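Asks: The chain contents come next:
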Amino acid sequence: MSETTSTTGTAPAPVADNTKPLASEPKGKTGAARILAGRDAITIYALIAFLIYAAITIPRFASPVTTGFLLLDVIPVLLIAMPMTLIIITGEIDLSVASIAGLTSALMGVLWAGGMDIGLVLAISLLAGVAAGMFNGFLIAVLGLPSLAVTIGTLALFRGLALVTIGDNAVANFPKALTAFFTSKLGGTGIPTVMIGVVAVIVFFGVLLHFTPFGRGLFAIGYSKEAASFVGINVARSKFWLYVASGAVSALAGIYWTLRYTSARSDNASGLELAVIAAVLLGGVSIFGGKGSIPGVIAGVLLIGSLNYALRLARVSDVVLITVTGLLLIVSVVAPSVGSAIRQWRHTRRVRRSFTRTTN
Amino acid sequence: MQQTDSSRSGPSGERSGPALSLSHAAKTFGPVVALADGTVDIRAGEIHALVGENGAGKSTLVKILAGLHHPDSGDFRVGGESVQFRNVGDSKAAGISVIYQEPTLFPDLSVAENIFVGRQPKGRFGLISKATMVREAGLLFERLGVPIDPTRTAEGLSIADQQIIEIAKAISLDAKVLVMDEPTAALSGVEVERLFAVARSLRDKGTGILFISHRFDEVFDLCDRITVMRDGRYIATHRTADVTVAEIVREMVGRDIEALFPKTVAEIGDTVLKVDGLSRAGVFRDISFDVRAGEIVALAGLVGAGRTEVARAVFGIDPYDAGKISFRGSTLKPRDPQAAITAGMGFVPEDRRKQGLVMNLSVARNITLTLRNKLATAGLINGAAERRAAQEWSKRLQVKAGSQEHAVSTLSGGNQQKVVLAKWLAMDPHLLIIDEPTRGIDVGTKSEVHRLISDLAGRGIAILMISSELPEVLGMADRVLVMREGRITAELDRAGANPESVMHAATSSSGGTP
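Taken in order, these protein sequences are the chains called C and A. Just so you know, the first sequence maps onto residues 632 to 991 in our numbering. Just so you know, the second sequence maps onto residues -19 to 494 in our numbering.
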């Protein structure tokens, strides 16, 4: 391929490499192999390995009680991680999710304390989340403002509104039947009943991302907004709806939080956005956009969740816990960059060598 | 990097010393050979022209001189000393200054600050001495004979003035070689004259100047010697006095036009696209034309004439202020690419890497991006059908890649272009707008792309092709529309289109001077 340079002007011009196979010929990794070797698969393996290790070494870890509490703990993160995955894949971010959950919680408390029907309370709280998402979406997709700046702003704004709504009060007297339902289990499996709803949300976002034209568009947007708009993808509209979805799911997480802990407070779920983003990145989603999968993110959420739970069972202090999560996150972000840097270095060396060989 | 003083041929100037010489420099980017044999020598006290078609390797060569690219092989000497630049700083230190078509000044800094940015003269207490800076800048402008106030901010200066500032900067850096990359592309006649006067006076003081231009009248007016490049290779160097424009053009093109650009005769059908009085303030004005089925219509003109902008407006990427676009009999909604695509319009953009392809996405996913809605049943994408479509189209266009699952960024330029074409052909278009179909593609694949386009026209697809390569325009097009400064200045049929008529319509009377 690399030709020697020539002094005459009549030497053959560089031509395309004809030895390469056509792309249509099946070669290289096919679907299944790719899934098994991908970045997100590593998180899934790590999760499985850790669960086996914990089950053997930590007493009481392998029990329905563990399953129950672990899942109850991770549900808010798991829920919000779904729309967050889609948003990060498009190259944006939403930091206001936990504040939307808090705002929803505060609203629920005030409306219920004011004597409203519980069905109506839930509906209005959910709509509040949708409205908050629309506000984010308007600023980011319609006005084109940077999502990082906008959602740092709304992170403070929505938390502030929550405080205005409910103040320092806490509302706790939600209907017993409802709160009991939120902590109930499916028979003796230890799996919380609400997981049915959570699985529905996961399936919805999983199908949306991986099996629809809309999802195909999100990956394209994440890599190149310009190229995406050239194939007719409406970048602004796609982003707008993602933020609306994020607001709605954050509201669901807020409702869950309130009823599980039977407490509507303005500071509910505070700081949760970082846990969500950490889990999403650990699950193999690229912070630069374009890469990621729902199965990987589920594994990321469960890995952080079970790690935390196991360390707590082993009576390790919270400080260590936070440190471990932080390190995991850094490793997950750094590892692919190091990998590609090594590949780039090898490639350059190969090119250099072939040149010195042909020109000497 | 360090030079001996022998290279400093002073203002008294023997004009023979090679201030800079590059021999057989090569540069590849992955599988793409950008430069196969870059050879040029610039003497002190001469203006040396570098000419060649788009894609001939001129800009890669300039980037090597500027220290932006490292050549993979070849010999590079400045003032007789072998050099290896690690970065732009090394190049500057060796006495090379590059002035680009669009200068990059800091708009909020003053003219004087722009000239001395990064090496401001220090006064007492090591603080920047503004007075010294302004005084020295004033002296530079006096030497150049141009009245620019050193204290004003760079914002709002004309491109011509910005270039003069870049030149002043180069002089203050004691540049021995000045590289000007298409400096006149955005200048009016008067400004060009002033730039030339400055260039000549620098030459007379012993500076070597490399001048890159597409305009032959300027090259022949200004330059002492001419180096021709083609397809990434050095072809020849001539003394200007010894050659004619025709000889240079032949060397630039270097091949029989008809043989390389095989436009087969196609049956011309009904009008597919009709553009009527399209205008956008400050960009293009009163653009009217039509394209019929099976016809290749070329939009020719200089870079910056507004051709791409018209195409983007037609496709719905950009808005327009007035006019009407009818496509297959019905009016097309403005600012809605999806509507254009649904109606059967495809757009192969000029910038393949940024607009044509999602570079990090796989070959298969890129091909099926335009099909994503068609491939879905009940809202869900049929994975098997998706793979089949990608396979079929990459096979039809002979896309060469390791695997369909590889990112398109790993493919060569020609194969990338085939993926772009595959993507649009897969949706069975009635009109394809192709902006610079063979930019950055090596010659072997070039003719393959040309054959493909001609083949598409033969099947009744209407083609609107934008091209800056004259041989491509003349070889491929049934009709040529020439644009200049946002307006269509000529419409030529195949018989009436020749290099002279197209270039005349594209350049003549620009800027209002003879």
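Keep in mind the hints are simulated off the structure, nothing from the lab. These figures come from a predicted structure and were not determined experimentally. C-beta: ideal position from N, C-alpha, C; glycine also. Fair warning: there could be bad hints in the mix.
Using C-beta positions, here's what the derived DEER-type ranges look like [as the list claims (entries may be wrong)]: (1) C:Ile918 with A:Asn67: 23 to 31 Å; (2) A:Asn67 with C:Ile961: 50 to 58 Å; (3) A:Lys185 with C:Val969: 36 to 44 Å; (4) C:Leu817 with A:Gly363: 27 to 35 Å; (5) A:Thr84 with C:Val795: 27 to 35 Å; (6) C:Asp704 with A:Gly363: 30 to 38 Å; (7) C:Val947 with A:Val97: 49 to 57 Å; (8) C:Arg943 with A:Arg368: 46 to 54 Å; (9) C:Leu776 with A:Ala358: 33 to 41 Å; (10) C:Val969 with A:Gly363: 26 to 34 Å; (11) A:Asp88 with C:Ile953: 41 to 49 Å; (12) A:Phe105 with C:Leu776: 41 to 49 Å; (13) C:Gly791 with A:Asp88: 31 to 39 Å.
One side only, chain C facing chain A, incomplete, derived with CB under 7 Å [as the list claims (entries may be wrong)]: (14) Ala780; (15) Tyr854; (16) Ser855; (17) Lys856; (18) Glu857; (19) Ala867; (20) Phe871; (21) Ser917; (22) Gly921.
Asks: A closest beta-carbon separation below 7 Å is what the hint needs, so does C:Glu857 meet it against chain A?
Replies: Check passed: Cβ of C:Glu857 comes within 5 Å of chain A, closer than 7 Å.
Asks: Given C:Ser855 was flagged as interface, is its beta-carbon under 7 Å from a beta-carbon of chain A?
Replies: Result: holds, 5 Å to nearest chain A Cβ.
Asks: Identify whether the interface hint at C:Ser917 stands, where standing means a beta carbon of chain A within less than 7 Å of its own.
Replies: violated, 10 Å
Asks: So, C:Gly921 near chain A? Judge it on the closest CB pair being under 7 Å.
Replies: Where the cut-off is 7 Å and the nearest Cβ of chain A is about 6 Å from C:Gly921, the hint holds.
Asks: Hold the hint about C:Ala867 up to the distance rule: shortest CB distance to chain A must be less than 7 Å.
Replies: At about 12 Å, which exceeds the 7 Å cut-off, the nearest Cβ of chain A leaves the hint on C:Ala867 violated.
Asks: Could you tell me whether the CB distance from A:Asp88 to C:Ile953 stays inside 41 to 49 Å?
Replies: holds, 43 Å
Asks: Does the beta carbon distance between A:Asn67 and C:Ile961 stay inside 50 to 58 Å, or does it fall outside?
Replies: Violated, since A:Asn67 and C:Ile961 (Cβ atoms, about 30 Å apart) do not stay within the stated range.
Asks: Is 33 to 41 Å a correct range for the gap between the Cβ atoms of C:Leu776 and A:Ala358?
Replies: holds, 36 Å
Asks: Would you check whether C:Ala780 satisfies its interface hint, that is, whether its CB is within less than 7 Å of any CB in chain A?
Replies: violated, 22 Å
Asks: Should the hint that C:Leu817 and A:Gly363 are 27 to 35 Å apart at their CB atoms be regarded as holding?
Replies: Holds, since C:Leu817 and A:Gly363 (Cβ atoms, about 32 Å apart) stay within the stated range.
Asks: Taking the Cβ atom of A:Phe105 and the Cβ atom of C:Leu776, is their distance within the range 41 to 49 Å?
Replies: holds, 43 Å
Asks: Can you verify the interface hint for C:Lys856: is its Cβ closer than 7 Å to any Cβ in chain A?
Replies: violated, 10 Å
Of the numbered hints stated above, those contradicted by the structure are hints 2, 3, 5, 14, 17, 19, 20 and 21, listed in ascending order.
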